[in-house]
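Chains as they are written, first to last, in the working numbering: chain A, 29 to 180; chain B, 855 to 1085.
Careful: at least some of the hints might be erroneous.
Stated by the list, open to error - Derived CB-CB ranges, DEER-like: (1) A/Arg83 <-> B/Asp978: 30 to 36 Å; (2) B/Gly951 <-> A/Arg43: 36 to 42 Å; (3) A/Gly49 <-> B/Leu1000: 35 to 41 Å; (4) A/Gly139 <-> B/Ser953: 39 to 45 Å; (5) B/Lys956 <-> A/Arg142: 48 to 54 Å; (6) A/Glu53 <-> B/Lys950: 44 to 50 Å; (7) A/Gln163 <-> B/Ser998: 39 to 45 Å; (8) A/Arg141 <-> B/Leu990: 36 to 42 Å; (9) A/Gln167 <-> B/Ser953: 30 to 36 Å.
Hints listed in this document are in silico derivations from the structure and should not be mistaken for laboratory results. Glycine included, each C-beta is placed from N, C-alpha and C at the ideal position.
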Amino acid sequence: MEYANLRRQAASLKRSLFDQGYLDEQFCQVEDLQDEASPNFAEEVVSLFFKDSARLVSNIEQAMEKYPGDFNRWDAHMQQLKGSCFSIGASKMNNECTLFRNSCGEENAEGCRRSFQKVKREHAILRQKLESYFQLLRQAGPARTATRSGGK
Amino acid sequence: MTVVDAESRFHVLAVDDSIIDRKLIEMLLKTSSYQVTTVDSGSKALEVLGLREEGDDSSPSSSSSSPDHQEVGVNLIITDYCMPGMTGYDLLRRVKGSSSLKDIPVVIMSSENVPARINRCLEDGAEEFFLKPVKLADMKKLKSHLVRRKQPQLQPQEKPLPQQQKLEPVPQEQKPDQASQQPAEDAPTPEVVAVSECSKKRKAAAIEPEVLSSPVTTNPRLPSSGLAVET
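I would like the entire structure built from these sequences, with the hints used as guidance.
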């Protein structure tokens, strides 16, 4: 019953991520694209997201350092990150990106800095949570037709 | 690029600078049984299509950089709007301005709901405008642009409803006055990797006299004869 248990845990974790607003419907859309030919598609997308978003976060950081007050530039970089968040349903992170962009629009450097810290924090939290989620799924393994007897 | 299935499936060229979105659109298209090529820029798209960026009308057969493309024609182009360098709109114009490519249907995608932008794309030859995130249901709409109609059909365009803007309390890109508050960028430095084009375009859109009329436009310019070019 190990498999069923792990699946249940994964489902429960996913539900809480939705309830707490970390993820939105778009994440389901991504998972729904999975099929037999691409059974790990969602995990691949998420993994790609964290690789790419780390790069984008770094770009923003550099832009804020090298080009103080260049809100257009900061905004343009954040637009890319926001787009990625949007595409995988990373809802809280997306919200923080929006707030950053709002601060850019207001030319509020301090607001941008605060927002950026939140973006980074949400990024880290989401990464940890989704890693746990996919780890559970991996441990559960592919769907089994027979139930296990015994086990831990 | 294999030629094996080229005749049995439609070949879609997907253009997006975001690696995530490329992966998603590729999956969406493959799930819908299209053969897919993805590129990360408008200029790469033009290469695949056989157009050099500077030149205009170079015949596809003259391209030496991608010898395969001649056998694997592109039946539809789906492109993101906001891309650094050449935007999706620029790509649209290039394709529609080329005698060899103008009959290839072009679909534009964007995560930004800007009616003036949408209208302009449709008026300048785009078949459809999809609001991101693109869904499987949107893929079904592609079919009608590929299997050429006998008579020009007026396709109901994607209505950019607020439902797509689920997370933005203040959608910055929709506020013209926001754009005008942004510091004027006198000398845009070329090393900006990010999408400054679209930021600037937002400013331009703010001062355009275009009335933000209903984004649901019909496009009477659909060619009745133009089968997608199979080179």
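*Is the gap between the beta carbons of A/Arg83 and B/Asp978 within 30 to 36 Å?*
holds, 33 Å
_Distance restraint evaluation - B/Lys956, A/Arg142, Cβ atoms, bounds 48 to 54 Å_ = For A/Arg142 against B/Lys956, whose Cβ atoms are near 49 Å apart, the range 48 to 54 Å holds.
*Holds or violated: 36 to 42 Å for the Cβ distance of B/Gly951 and A/Arg43?*
For B/Gly951 and A/Arg43 the Cβ distance comes to about 51 Å; the hint is violated.
_Taking the Cβ atom of A/Gly49 and the Cβ atom of B/Leu1000, is their distance within the range 35 to 41 Å?_
Holds - the Cβ-Cβ distance for A/Gly49 and B/Leu1000, about 39 Å, lies within 35 to 41 Å.
_Beta-carbon spacing of A/Gln163 to B/Ser998 - inside the hinted bounds 39 to 45 Å or not_ = With a Cβ separation near 43 Å, A/Gln163 and B/Ser998 satisfy 39 to 45 Å, so the hint holds.
*Is 30 to 36 Å a correct range for the gap between the Cβ atoms of A/Gln167 and B/Ser953?*
violated, 58 Å
_I want to verify a distance hint. Is the separation of the beta carbons of A/Arg141 and B/Leu990 within 36 to 42 Å?_
holds, 40 Å
*Taking 44 to 50 Å as the hint, is the beta-carbon distance of A/Glu53 and B/Lys950 inside that range?*
Once the Cβ atoms are compared, 35 Å apart, the range 44 to 50 Å for B/Lys950 and A/Glu53 is violated.
*Between A/Gly139 and B/Ser953, does the beta-carbon spacing fit 39 to 45 Å?*
violated, 51 Å
In summary, the structure is inconsistent with hints 2, 4, 6 and 9 from the numbered list given earlier, while agreeing with the others.
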